[in-house]
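Peer 1: Heads up: the protein sequence lines correspond to chains H and U, in order. Numbering follows our numbering, with no gaps: position 65 of the first sequence is 52. Plus 6 on top of the position in the second sequence (first one is 1) and you've got our numbering.
None of these hints come from the bench; they were simulated from the model. A hint or two may mislead.
What the hints assert, rightly or not - Examples of chain H residues toward chain U, derived with CB under 7 Å: (1) L74; (2) W85; (3) A87.
To be verified - Within a straight-line C-alpha distance of at most 20 Å, the following computed SDA-like cross-link-like pairs (lysine to any residue) qualify: (4) H:K90 - U:A44; (5) H:K32 - U:K19; (6) H:K32 - U:Q47.
As the list claims (entries may be wrong) - Label-pair restraints from in silico Cβ distances: (7) U:L45 - H:D44: 26 to 36 Å; (8) H:N9 - U:Q23: 38 to 48 Å; (9) U:A86 - H:G41: 45 to 55 Å; (10) U:P67 - H:K66: 34 to 44 Å; (11) H:Q56 - U:E88: 28 to 38 Å; (12) H:P(-5) - U:F66: 18 to 28 Å; (13) H:P1 - U:F66: 40 to 50 Å; (14) U:T119 - H:L61: 29 to 39 Å; (15) U:S13 - H:P1: 22 to 32 Å.
Just so it is clear, CB atoms sit at the ideal spot from N, CA and C, and this is done for glycine as well.
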Amino acid sequence: RKEVEQDPGPFNVPEGATVAFNCTYSNSASQSFFWYRQDCRKEPKLLMSVYSSGNEDGRFTAQLNRASQYISLLIRDSKLSDSATYLCVVERGYQLIWGAGTKLIIKP
Amino acid sequence: ETGVTQSPTHLIKTRGQQVTLRCSSQSGHNTVSWYQQALGQGPQFIFQYYREEENGRGNFPPRFSGLQFPNYSSELNVNALELDDSALYLCASSLELAGAGHEQYFGPGTRLTVT
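Using the sequences and the hints, build the whole thing.
Peer 2: Structure below.
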């Protein structure tokens, strides 16, 4: 079992819809969590950190469920520009462990 | 833009050769982490440098080595290149140690092809 697991997708979603994806992690001691987005053949860009209480940034909402060891990302009113791969990142000691990413395609 | 720069952008090397990749961290950041990202995979942690010292290493052989300079820029060296080393190499800088919850900001990467 991988330390950080994500559904690879792709998720094909019409513009304006709401989409959510989860990421599960195996290390219960992890304290820091992040979502990054990565466009094709580009570097990952930080989308948001995930806090225990959950956090929201515009159309994006991240939630952490420690009991079930997963984090989620919700995108509301999706835009064509949201098409990308979304990477879940979990801290393990001095390093960050990355999921393989979930591909999201927003269709007009 | 993140302010993290990497050079070169692309590189083609032959199996058995050696390569040096460079990274300049964002102003004010003292930590640099290096990652290898194969196609369709998430980044794999190679190692992290904090104030000029290696502070953590992933599951990579010793032929992957690095350095951090007093200005916090960094180099990744790979000796005896193998075909499987072909990947995007990413450098990320953070204000402090990445594992302490500090966010990482990435450079554009160096795409290495080994033939």
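Peer 1: Give a verdict on every hint.
Peer 2: Hints, one by one, checked against the model:
1. L74: This interface hint holds because 6 Å falls under the 7 Å limit.
2. W85: holds, 3 Å
3. A87: holds, 5 Å
4. H:K90 - U:A44: holds, 16 Å
5. H:K32 - U:K19: Distance of about 28 Å is beyond 20 Å: violated.
6. H:K32 - U:Q47: It holds: about 16 Å lies between the C-alpha atoms, which stays within 20 Å.
7. U:L45 - H:D44: 26 to 36 Å: Roughly 29 Å apart at Cβ, these two residues keep to the hinted range, so it holds.
8. H:N9 - U:Q23: 38 to 48 Å: Taking Cβ atoms as reference, N9 (chain H) and Q23 (chain U) lie about 42 Å apart, which means the hint holds.
9. U:A86 - H:G41: 45 to 55 Å: Holds, at about 47 Å.
10. U:P67 - H:K66: 34 to 44 Å: holds, 43 Å
11. H:Q56 - U:E88: 28 to 38 Å: For Q56 (chain H) and E88 (chain U) the Cβ distance comes to about 35 Å; the hint holds.
12. H:P(-5) - U:F66: 18 to 28 Å: Check passed, 24 Å falls within 18 to 28 Å.
13. H:P1 - U:F66: 40 to 50 Å: Distance hint for P1 (chain H), F66 (chain U) holds at roughly 42 Å.
14. U:T119 - H:L61: 29 to 39 Å: holds, 38 Å
15. U:S13 - H:P1: 22 to 32 Å: violated, 41 Å
Hints 5, 15, counting from the list given before, are not met by this structure.
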